[in-house]
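Undergrad: The chain contents come next:
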Amino acid sequence: MKNREEVVEKLRASAREMLSNKTVDVVIGWGCVTPEQTVATPVFVKSPDDVELLDWNEKCYGNLAAYMTRKEVRALGRVALMVKGCDEKALVVLRRESQIDPSNPPRVIGIACDEDGLGCAKCGTCDVHVPRFADIVISGVTPVPENVPVPAEKRYERLSEFMKQPRENRLAFWMKEFDRCIRCYACRQVCPLCYCERCIAERNKPQAIDSSATPRGNWSWGITRAFHLAGRCIGCGECTRVCPAEIDLSLLNLSLANAAERSFEGFRPGMDPDREGAVGAYSRGDSEEFIR
Amino acid sequence: MNAEEMIGREDLIINRDGLGQLVRDWLAKDKPLAAPKRIKDDLVQYALCTDFDEIMLDGFVHPDNSIKTFLFPRHEKLYHYETDELGRITLEDSNFGEFSQLLLGVRPCDAAIVPILNHVFNWDLKDSFYNRRAEGTVIIALGCTTCDANCFCTSVGGAPDGVAGADALLFPTSDPSVFAVKVVSEKGAHLLAKYCAIGTAAPKAAAEVPVRFDMDTVHDWLKENFESPFWEEESLSCVGCGACSYTCPTCHCFDIMDEKNGLGAGWRVRNWDYCQGRQFTLHASGHNPRATQGARQRQRLTHKFWAYRDRFGTVLCTGCGNCIRRCPVGLGVLPFAKKICELAKKS
Ligand code: SF4
Ligand code: SF4
Ligand code: SF4
Ligand code: SF4
Ligand code: SF4
Chain Y
13 MKNREEVVEK LRASAREMLS NKTVDVVIGW GCVTPEQTVA TPVFVKSPDD
63 VELLDWNEKC YGNLAAYMTR KEVRALGRVA LMVKGCDEKA LVVLRRESQI
113 DPSNPPRVIG IACDEDGLGC AKCGTCDVHV PRFADIVISG VTPVPENVPV
163 PAEKRYERLS EFMKQPRENR LAFWMKEFDR CIRCYACRQV CPLCYCERCI
213 AERNKPQAID SSATPRGNWS WGITRAFHLA GRCIGCGECT RVCPAEIDLS
263 LLNLSLANAA ERSFEGFRPG MDPDREGAVG AYSRGDSEEF IR
Chain A
90 MNAEEMIGRE DLIINRDGLG QLVRDWLAKD KPLAAPKRIK DDLVQYALCT
140 DFDEIMLDGF VHPDNSIKTF LFPRHEKLYH YETDELGRIT LEDSNFGEFS
190 QLLLGVRPCD AAIVPILNHV FNWDLKDSFY NRRAEGTVII ALGCTTCDAN
240 CFCTSVGGAP DGVAGADALL FPTSDPSVFA VKVVSEKGAH LLAKYCAIGT
290 AAPKAAAEVP VRFDMDTVHD WLKENFESPF WEEESLSCVG CGACSYTCPT
340 CHCFDIMDEK NGLGAGWRVR NWDYCQGRQF TLHASGHNPR ATQGARQRQR
390 LTHKFWAYRD RFGTVLCTGC GNCIRRCPVG LGVLPFAKKI CELAKKS
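So the protein lines, in turn, are chains Y and A. For the working numbering, add 12 to where a residue sits in the first sequence, where the first one is 1. For the working numbering, add 89 to where a residue sits in the second sequence, where the first one is 1.
One thing to keep in mind: the hints can contain errors.
Partial pick of chain A residues on the chain Y-facing surface, computed with a CB cut under 7 Å [as the list claims (entries may be wrong)]:
1) 131
2) 332
3) 358
4) 382
5) 418
Each pair of labels, with its calculated beta carbon distance range [claimed, not checked]:
6) A:172 - Y:299: 44 to 50 Å
7) Y:260 - A:299: 33 to 39 Å
8) A:380 - Y:58: 16 to 22 Å
9) Y:13 - A:246: 40 to 46 Å
10) A:209 - Y:147: 48 to 54 Å
11) Y:173 - A:316: 51 to 57 Å
12) Y:236 - A:148: 34 to 40 Å
13) A:246 - Y:219: 37 to 43 Å
14) Y:35 - A:147: 53 to 59 Å
15) Y:13 - A:235: 28 to 34 Å
16) A:400 - Y:156: 56 to 62 Å
17) A:432 - Y:165: 53 to 59 Å
It is worth saying that the hints were derived from the structure and are not from the lab. As the structure is a computational prediction, the values presented were derived from the model and not from experiment. Virtual Cβ for every residue (Gly too), placed ideally from N, Cα, C.
Model the full assembly from the supplied sequences, consistent with the hints where possible.
TA: In structure tokens form, the structure reads like this:
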């Protein structure tokens with residue numbers, strides 16, 4: 013990471029300022045890591061004296077936008093949130109879906125990634141290394157670099173590779189993947205866009221999805237999760253990173269993202285704040301008969 | 090050698106070929122065998138194996154799941170129900186039959202769950218489902234020569250060469266094709282008798298797992314600080330998932346559900362449940378006695394290090410480290426226990 017110390021210093025300084033002049037009550041950011049830790053634990057800094065807890069390192073995986081809809085976090089008051097370019101897309105969608113109180117929006121501290129990002133698979137096809145709408149953008153290099161578009165073929169390369177396999181093989185692949193699901197819902201809990209008060213997977217009157225980790229239950233869950241995020245998933249990859257069974261959820265997400273982009277005139281969730289969502293928006297001009 | 094003579098001896102060895110033969114003979118009887126297995130590049134799990142070559146006996150610290158799944162599976166059918174046209178209900182118990190399985194290459198912190206879980210599954214009621222499995226299981230543990238920063242067996246009374254819960258323990262030696270064997274139970278002796286030999290091989294040094302916190306300090310602090318603001322503060326980052334509970338060998342909560350099998354018929358099943366989810370304690374009225382993540386984390390820690398220990402004399406944690414390894418945000422019991430010890434020191 014280029015000039016990491018400088019970035020850290022700057023982000024601590026802006027956190028200190030916001031907390032000292034009381035623009036916000038809490039700064040949500042990533043914490044410091046020891047070499048053994050595999051992920052930076054998010055920290056909730058409420059006093060300007062504690063800004064040293066905040067950090068920027070190659071383990072800042074968490075998409076902190078997920079905290080914006082949590083009851084415990086809402087109770088903390090005005091929030092400043094640290095985001096990467098990819099995380100920021102979730103805020104765009106949350107805003108569109110009225111999940112952010114317009115009278116109390118978070119202050120957004122954006123951190124720009126280097127070319128390699130955090131070195132995850134998603135970073136290789138990322139075209140939002142630099143947060144676009146943040147109140148403050150902190151970058152290790154000046155001037156702040158421009159975002160570079162990535163052609164669709166590259167963004168969907170992994171998917172096209174997979175789709176080359178015959179149908180039976182793809183089915184067999186997903187059977188094997190879903191078979192390992194233990195229904196821990198870590199994928200859902202870390203997802204910034206899985207914010208339902210009561211997830212359909214937990215409804216039991218009537219029960220829509222078997223809670224059992226059986227082939228039937230796991231398929232229902234795996235497919236429903238993906239469908240509920242179709243046209244909404246911003247591809248932060250958190251669900252996949254945290255899955256204790258290492259199920260390749262990203263591949264499934266990619267397939268739905270591709271469908272949305274093809275069917276809705278290049279629609280990509282979280283990219284354009286002025287554009288209506290692909291789902292959840294209604295127009296008389298919609299081609300489907302049933303909606304009129 | 091007769092079985093009794095094997096128990097406790099210090100001079101038994103088994104070589105890879107012997108172990109391979111044992112595995113093949115077991116599988117030939119068409120009985121399940123689970124062992125550490127590479128599932129994906131970044132995933133090692135205890136899983137059913139059908140071939141000796143699939144079994145990993147080195148190259149990992151701890152599998153990403155636990156042997157719990159073979160004693161207390163994530164999903165179990167308790168009985169089937171069926172209603173006829175007249176509304177009469179017939180119930181049919183799940184058919185147990187004979188049950189016998191071998192768990193091989195089990196880390197000591199996994200084997201150790203058997204005596205721990207025996208308490209709760211035989212406390213007020215004898216849980217026939219668990220007991221049947223536990224009784225029909227032979228556990229051949231595999232001692233550890235390496236550990237990672239998340240291992241803390243030695244902080245909760247275990248050891249990288251501990252034999253608690255195991256029927257026998259294999260330990261790597263300086264010769265990669267030979268394991269030192271400690272036979273612990275008759276079950277272990279009967280299984281191994283044919284394949285073990287008397288011999289000497291220098292066992293490798295056991296992993297040096299530092300004591301990372303003081304169990305008694307944690308216990309006492311938990312007891313005295315139920316209302317501490319610590320819980321809400323430190324649990325803000327917890328996303329409330331089941332990754333810790335479900336990869337934990339000792340977490341044993343379950344939920345009972347009915348699942349349809351056509352019209353008027355279905356199974357009563359039990360599935361794993363996790364105390365970190367909001368729904369876990371949600372009442373039908375809408376009231377939730379554990380309304381916040383802080384209250385839920387407090388539950389997990391107090392159950393493990395205070396309540397279970399006071400009731401059954403043993404903590405509900407073997408220090409395997411899975412809850413830390415698999416936590417999406419780097420929590421798990423270890424960071425909590427360490428912080429508690431720091432707090433206790435200050436007060
Ligand atoms: S996907 Fe882009 S913004 Fe996100 S971490 Fe990787 S490089 Fe940074
Ligand atoms: S589904 Fe996964 S990749 Fe998509 S927004 Fe949610 S956590 Fe991120
Ligand atoms: S995180 Fe993985 S194992 Fe857990 S519910 Fe999601 S897909 Fe299943
Ligand atoms: S609480 Fe954590 S360390 Fe203890 S047994 Fe469970 S998963 Fe292992
Ligand atoms: S401690 Fe970690 S694994 Fe456990 S519920 Fe919280 S976020 Fe999930």
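Undergrad: Each hint: holds or not?
TA: Hint check results:
1. Checking residue 131 of chain A against chain Y: minimum C-beta separation of about 6 Å stays under 7 Å; hint holds.
2. Contact between residue 332 of chain A and chain Y, as hinted, is supported at the beta carbon level, the nearest pair being about 4 Å apart and thus within 7 Å.
3. Interface hint at residue 358 of chain A: satisfied, since its Cβ lies 6 Å from the closest Cβ of chain Y, which is below the 7 Å cut-off.
4. Given hint, residue 382 of chain A at the interface with chain Y, holds; its Cβ is 6 Å from that chain's nearest Cβ, closer than 7 Å.
5. Taking 7 Å as the C-beta cut-off, the interface hint given for residue 418 of chain A holds, the closest approach to chain Y being about 5 Å.
6. Roughly 46 Å separates the CB atoms of residue 172 of chain A and residue 299 of chain Y, a value that falls within the hinted 44 to 50 Å.
7. The supplied range of 33 to 39 Å is met by residue 260 of chain Y and residue 299 of chain A, whose beta-carbon atoms lie about 36 Å from each other.
8. Checked against the given bound of 16 to 22 Å, the beta carbons of residue 380 of chain A and residue 58 of chain Y, roughly 21 Å apart, stay inside it.
9. Range check, residue 13 of chain Y to residue 246 of chain A: Cβ separation about 42 Å, and the 40 to 46 Å hint holds.
10. Taken as a hint, the range 48 to 54 Å holds for the pair residue 209 of chain A and residue 147 of chain Y, whose Cβ atoms sit roughly 51 Å apart.
11. Between residue 173 of chain Y and residue 316 of chain A the C-beta distance comes to about 55 Å, which sits within the given range of 51 to 57 Å.
12. One distance hint, 34 to 40 Å for the beta-carbon pair residue 236 of chain Y and residue 148 of chain A, holds here, with the actual separation near 37 Å.
13. At about 41 Å, the CB distance of residue 246 of chain A to residue 219 of chain Y agrees with the hint of 37 to 43 Å.
14. Taking the beta carbon of each, residue 35 of chain Y and residue 147 of chain A are about 55 Å apart, inside 53 to 59 Å as hinted.
15. Our hint of 28 to 34 Å for residue 13 of chain Y and residue 235 of chain A holds, since their Cβ atoms are close to 29 Å apart.
16. At roughly 59 Å, the beta-carbon separation of residue 400 of chain A and residue 156 of chain Y lies within the given 56 to 62 Å, and the hint holds.
17. Distance hint check: the CB atoms of residue 432 of chain A and residue 165 of chain Y are about 55 Å apart, consistent with the given range 53 to 59 Å.
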